[in-house]
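Participant: Please work from the sequences and hints to get the whole structure.
Residue numbers (the working numbering), protein chains in the order written: chain X, 1 to 122; chain H, 1 to 860.
The hints are simulated quantities; they were obtained by calculation from the structure and are not laboratory data.
Being a predicted model, the structure only gives us computed values, none of them experimental.
Warning: the hint list may mix true and false statements.
Just a few of them, taken from the derived set where beta-carbon distance is under 8 Å, the chain X residues facing chain H [stated by the list, open to error]: (1) 29; (2) 37; (3) 67; (4) 69.
Quick list of the computed label-pair ranges, beta carbon to beta carbon [claimed, not checked]: (5) X:19 to H:61: 56 to 66 Å; (6) H:456 to X:19: 48 to 58 Å; (7) H:764 to X:83: 52 to 62 Å; (8) X:94 to H:824: 26 to 36 Å; (9) H:834 to X:19: 39 to 49 Å; (10) X:94 to H:586: 49 to 59 Å; (11) X:45 to H:61: 45 to 55 Å; (12) H:504 to X:94: 20 to 30 Å.
Where chain H lies over chain X, by a calculated footprint (3+ residues, C-beta under 8 Å) [to be verified]: (13) 45–51; (14) 58–65; (15) 93–99.
Quick reminder that beta carbons are idealized off the backbone N, C-alpha and C, glycines included.
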Amino acid sequence: MTATLPDHTTTDEWEPVCRLEQVPAEAGVAALVRGEAVALFRDHRDEVYALSNVCPFARASVLSRGIVGTRSGVPFVASPMKKQPFRLADGVCLDDEAVRVDTWDVKVDGGVVLVGAKRTPA
Amino acid sequence: MSNRQRLVVVGHGMVGHRFVQAAVERGLTDTFDVVILGEEPRAAYDRVALTSYFSATCAEELSLLPGGSYDHDAVELRISTEVVSLDRAARTVTARDKVTGTETVLGYDQLVLATGAAPFVPPVPGREHDGVFVYRTIEDLDAIREASHTATSGIVIGGGLLGLEAANALVQLGLQTHVVEMAPRLMPVQLDQAGGSTLVRHIEKLGVNVHAGVMTQEITAGETGSVDGLQLKDSYKIDAQVVVFSAGVRPRDVLGRESGLEIAERGGILVDDQCHTSDERIWAIGECAAPAGRMYGLVAPGYDMAEVVADALLDGPGRFTGADMSTKLKLLGVDVASFGDAFATTEGSLELVYSDAVAGVYKKLVVTEDGTRLLGGILVGDAAAYGILRPMVATSTNPGIALPENPEELILPASRGGSTGGGVAALPDEAQICSCNNVSKGDIVHAVEDGCEDVASVKSCTNAGTTCGSCVTSVKAIIEDHFAKTGREVSKALCEHFAISRAELFEVVKIHGYTTFEAVLEAHGTGRGCDICKPTVASVLASQFNEHVLGGTHAGLQDTNDAYLANIQKNGSYSVVPRIPGGEVTPEGLIVIGEVARDFGLYTKITGGQRIDMFGARMEDLPAIWGRLVDAGFESGHAYGKSLRTVKSCVGSEWCRYGVQESVSMAIRLELRYRGLRSPHKLKGGVSGCARECAEARGKDFGVIATDKGWNLYVGGNGGMNPAHAQLLAGDLDDETLISYLDRFLMYYVRMADRLQRTAPWIDSLEGGLDRVKAVVVDDVLGLGSELEESMERHVATYEDEWAATLADPQKLERFVSFVNAPGTPDPNITFTTERDQIRPENHAGPVVLGTTIPVGASR
Ligand code: SRM
Ligand SMILES: Cc1cc2nc3c(=O)[nH]c(=O)nc-3n(C[C@H](O)[C@H](O)[C@H](O)COP(=O)(O)OP(=O)(O)OC[C@H]3O[C@@H](n4cnc5c(N)ncnc54)[C@H](O)[C@@H]3O)c2cc1C
Ligand code: SF4
Ligand code: FES
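Facilitator: The following block contains the structure:
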């Protein structure tokens, strides 16, 4: 339930966004974090993920409205526009690994979802 | 290059085209320049499928040469060019351009005549009147269609194969149709008396009047000179405004006659077994030719002749040795097949007959005296066995395939010990499956081994099934049989989470009464589900329990559009479509829609489905927009759902001078009855007030067309990617029967179809196709009728407007916010520009950042 903090992140960058219950189980919700539309998802193990809300294929701010599921056990969201699947853990498109949406550090503390720094891709 | 020769082909019909294809494929173009002169205003097209022109979107769909030219430098096609004379001494033909009238003389080294045949019009007085047609070319069909606009009934003279085909066309055009046949029965060439009468009963049930054993005396005309009827000799008169002659064809052998080529006694240019005429530089193929004095009115022998001539020009050994005149067709939905020695003329032959007058089935096998070989047969009403029977037939040159011990099993229905279905397994590899294109079972099996996995790809690799289509069921059975033999399962699994099909899911939900995805997944699936199984299960649950799609834990299962009860647009905004049943709307209703669109700044457009769409709504505005619409009495139009969309209507007899029933009232009644029904794919209906069909009902999943006596119900129509005309399920129904058949049809579809399978492909996928649907819906063979009707009653009783219910439930409304932490802030990614005085989405290259709110020092 806690995300590992990459080296460059300092704790005061955590922004409280909403309560955990506000992220529907196995579904998503959009949040406005430092001016950017961020999609928050909760998987079946209550793990929370933060991805850019913008589907890179559709160039529209919609990912939070996609269906959440698993592919061979890996949690993903299907873009609501044309169904491209993105891995929740790192935003990589499962059908085309060259495409990736931004992700943020995220953690739940005392029932509150906090979004941290934008991750740099490995 | 001086040693190149010129090959001239006269006639660009089906056979001429096949010849040119063979010439190109086999390299005749290495030595010849090929010039083809065709009289029709277009390149060759599929004449066998001519009747489907009425349901085609354009003539190009029937074309055998889409694009209109051969992709080869040495081949030149000139259309609208008629050859008017042939000078054998000079070795030239004179061609006239039908558009400009110019004539050109063209020399040839080799000449191939492929001029086909012309309809025979017997010298009946009055045949020159307006409104009298033949049935051979696309132009003929255009003319008949044009005339049908002002006609109410039509007559086909001739009850043979083509005559019934023409009758089918008149029925499709909505005319009260009559068929007049001189012989005492229909299809006298192919059917015996019993087969003919069985066929008559079927055809009369469809509303076609058959007048057999009658002579025509005169085609009568009214004052304007156009046809008003047909007077039969010593008998009654039939009223009609359209008359189509279909009394056989005559070879177009005039070029041969005038230039002194030998002509067969009964017409046709006499050719030898290499299709050589009496002039060594001239060949004749197709319907204009008469090999050994006999003309063949079918395409397959013509194709053989085309191959033989291509071969002969390369000094090959090919010979034309006669042809299989077997016929199988579906006339007005009735299966008819006749093959081999159908009339048992072989010395000592025996007939085995199975006949079921009630079901309208007649089957006859003609076998040798000792019962070991099949000589021929007739099938009417059920020709499923044709595919396995025809290759078994023994002829003078081919011993055929030995019959099983009890040959009658081949024609008995399965319930009485017959062996239907898997019959193809027993056929040897040499058995010819597609007679039009000479494709054997072995060819098909090879294609499957080489990776063709379905009928469509087998068709494109082997040509099997691409002409008359009668062999397609056998092709399908061979593919399935091959898969079964090699232990390959054709997976029905919905996705990685469910190993079962949608229909099976429907059954398990029904039997166990699961009401949540979680429960279904736990009992029958693995993993956590995905974008395929979640919406499918949601739809199956909704079809059966009709709970609100955003209720309970259902919301997360829904496809995007259902999830917000609106249609998502390219920029993430939504469109709003209120239901306008039957397309009827009051001025007040229109004003409300106008005001809502104005107040929320929405783009408005009339849809292709007779209602109004408002685009560009922000998700967080949807409840307010719907609040206004619901207050004014509008309901959700389910434009977003895999569910009933619209029931399109014409204005009908309430206003229209032609209308015979109140189509608007019926359309509204049907739309209100089936609104909200969640189904495997979207559903559309249509109701027309008369046969003019202004509502285009036959393009819909269910189409209802008024008749004098009630309603005709058509099912399985589709626009979209693979257009299909709906087929007649039952005719002249009263209101209540119409609704009970529709209840059954729709619920049967909802239960059985695959995910995202519209009604047309669903019907095609059923064993028995439309006949199966008729059996279940009309004849209730499964005894499911009342159960299906009850399910529909349950749906109707539990219907509630999804938007009204959403507005009344604060919990459901919670999801309609732009951002969970800034509910009032519109998503900055959604912006609009203007075009023609209305908004339109602005295209973004990437995400938009609200610069002003970025805290200083934030990570980038
Ligand atoms: C709005 C409308 C176009 C218009 O401005 O006229 C429209 C718009 C869409 N159509 Fe359509 N279709 C519209 C009439 C039609 C028609 C004409 C008709 O209904 O008479 C057809 C052909 C008839 C038919 O369906 O058989 C039609 C055949 C399709 C198809 C192809 C279906 C097929 O079986 O091949 C799709 C794709 C699909 O459903 O998978 C489609 C899908 C769509 C979708 C839902 C695509 C999408 O997912 O975004 C479009 C979004 C609607 C929206 O944003 O509101 N639309 N679409 C029409 C709405 C009618 C209504 O009042 O509900
Ligand atoms: C409605 C209908 C349904 C049919 N159904 C079947 C079926 O189910 N199965 C089956 O096997 N057969 C069927 N047939 C028959 C089949 O269409 C013919 O056997 C086939 O078209 C014959 O091909 P062809 O090339 O010989 O003649 P056509 O296809 O008629 O081609 C001859 C061409 O030559 C042109 N031509 C003629 N004279 C000249 C000239 N002097 N100069 C230039 N051009 C000329 C004609 O305009 C025509 O385009 C059907 C026919 C019709 C009309
Ligand atoms: S289909 Fe309807 S509108 Fe068209 S002519 Fe018939 S009744 Fe009139
Ligand atoms: S038998 Fe006519 S297409 Fe195959």
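Participant: Report the numbers of all earlier hints that the structure fails to satisfy, in ascending order.
Facilitator: Of the numbered hints, 7, 13, 15 do not hold.
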